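Trainee: Chain A is already provided as a structure; the job is to place chain B on it using the hints.
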Amino acid sequence: MDRNQITKWLKSPAKMANKYSLHAVYFCTGCGIIEVPPSITARWDAERFGIIPVATPRQGNLFLITGYVSVKTLRAIIRTYEQMPEPKYVIGFGSCPINGGMYWDSYNTINHLDKYIPVDGWIAGCMPRPEAIFIGVTHLWTLIDKGMADGYIKYREYYGAYRRNQEMVLGKLEWPPLFPLTDDPRGDEQ
Amino acid sequence: MSKSIKEALESTFRDVQVSFREDNRMAVTAENESVLPILRFLKDAGFDHLSLISVVDWIEDNLFELCYFLTPYMQNDDEYTDRQKLHIILKTPLPRDEPRFKTVIGLFPNAEPYEREIHEFFGIDFEGHPRLTPLLLERDYEVPPFRKDFDTRKYVAELLDSVPPIETKKK
Numbered sequence: 001m002d003r004n005q006i007t008k009w010l011k012s013p014a015k016m017a018n019k020y021s022l023h024a025v026y027f028c029t030g031c032g033i034i035e036v037p038p039s040i041t042a043r044w045d046a047e048r049f050g051i052i053p054v055a056t057p058r059q060g061n062l063f064l065i066t067g068y069v070s071v072k073t074l075r076a077i078i079r080t081y082e083q084m085p086e087p088k089y090v091i092g093f094g095s096c097p098i099n100g101g102m103y104w105d106s107y108n109t110i111n112h113l114d115k116y117i118p119v120d121g122w123i124a125g126c127m128p129r130p131e132a133i134f135i136g137v138t139h140l141w142t143l144i145d146k147g148m149a150d151g152y153i154k155y156r157e158y159y160g161a162y163r164r165n166q167e168m169v170l171g172k173l174e175w176p177p178l179f180p181l182t183d184d185p186r187g188d189e190q
Numbered sequence: 191m192s193k194s195i196k197e198a199l200e201s202t203f204r205d206v207q208v209s210f211r212e213d214n215r216m217a218v219t220a221e222n223e224s225v226l227p228i229l230r231f232l233k234d235a236g237f238d239h240l241s242l243i244s245v246v247d248w249i250e251d252n253l254f255e256l257c258y259f260l261t262p263y264m265q266n267d268d269e270y271t272d273r274q275k276l277h278i279i280l281k282t283p284l285p286r287d288e289p290r291f292k293t294v295i296g297l298f299p300n301a302e303p304y305e306r307e308i309h310e311f312f313g314i315d316f317e318g319h320p321r322l323t324p325l326l327l328e329r330d331y332e333v334p335p336f337r338k339d340f341d342t343r344k345y346v347a348e349l350l351d352s353v354p355p356i357e358t359k360k361k
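Protein chains in written order, with this note's numbering: chain A, 1 to 190; chain B, 191 to 361.
Since the hints were derived computationally from the structure, they do not count as laboratory data.
Because the structure is a prediction, the values reported are computed rather than measured.
Every clue listed holds true.
List of simulated lysine-lysine pairs, DSSO-like, C-alpha gap at most 30 Å: (1) Lys-115(A) <-> Lys-359(B); (2) Lys-15(A) <-> Lys-146(A); (3) Lys-146(A) <-> Lys-359(B).
Isolated chain B (complex conformation):
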């Protein structure tokens, strides 16, 4: 099953690199424009659960790497066991300056909170997302806090350490 998915991907899309970390973990690296077709292809092939979207900040290469994690739900067919074991990571690089990407909510509605979170913590804009409002954070940050160039110690020193202790009158 995993081999047939690999062959199908490589024959259908150009510029796709498929590799296996383990027998049941497949990593697919693709260009930006072919991500949505690949996701649609994989969804039709039975990988209908988007379990996570995450981002890696490769600051030295000046790149973000957007990762989509796909697994299949249980299905009552003969290929169920093989397919159930396979996890797919779909990776795509984004430029670090003004990162933008298209939303995948049309394919996977559960992508909405992940994309909001990524927008909040990494500052990546998702075109077509209905509400990119703050999800978890309470304050505004100049640099989104999960980027590697966010200096937490400087931030703590400037904000939290500058709050004065309460001085009480001695009785």
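Just chain A, same shape as in the assembly:
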């Protein structure tokens, strides 16, 4: 173990353990998933960074959105995200979740993913190389260290606004709200 990190481990062991054992939900949206099998297997070996793909969302805490998000996939993404245990982190992978990418004027593709679920980091590119995943993950470590990867807290606080945005696109959602609905996105300001 790196000697410099011993104090960090002693100070906040849970945070450090979270950081070094990110379990990625093996959820495939769009074309970006093509980069994930080489990243997690012998060639690039994501386990060096403590990332391992898991089968179900209830076991995972890292959510890689790999590629364009269609309206139908958005519903599945929201359901998956809400099932993941906290703390959970979302990385948008590729250009399409950021602003639609080459599908910006499509009839069926979501343009800005962060309007519907909180996203902690983006990896730009079409396609990003597997190395970019690891750069993104090391950046995510820094964010977790500084307590800035707080997307799941934001989701809880502004759930009303997120749910309203989700229902604007998907229509009435068939599952009950996960958190109390706050009407005002600015929350308890008054």
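Mentor: Okay, now just chain B, sitting in the frame of chain A:
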């Protein structure tokens, strides 16, 4: 083989235009009412695989063009090699306003998802189809989205760009 199919089609049906794009690609244009008999004829002639149904939207002519793609499966007869190479496209025009057509599920059961998809994306009704329910799309569209007069940019501007970003309080 391809020549004999052409002659048989032209002698059996009236108002049929048969042309060859290449040696092994045959395009047949027919009127609406003779599509089902032609399909049955071709199926009996060994073209028993409906590989695709597609639609072309000729908006300037105010027409839809329904295309059936037929190929034969492998068969253990002497004509196998010749017939295996031949692909047939059967085209028929439909009016763009209130397009309706008869289903071909009775002949080719695998036509069901194609017709559902065409109904969803082009708004063509297939009479006799058992369930024309949504297949791929999640939302309702005023104009079916694969028609040429569907304005995707307007749609995106009205729906997706109107979704507000999440405003967070600064800490």
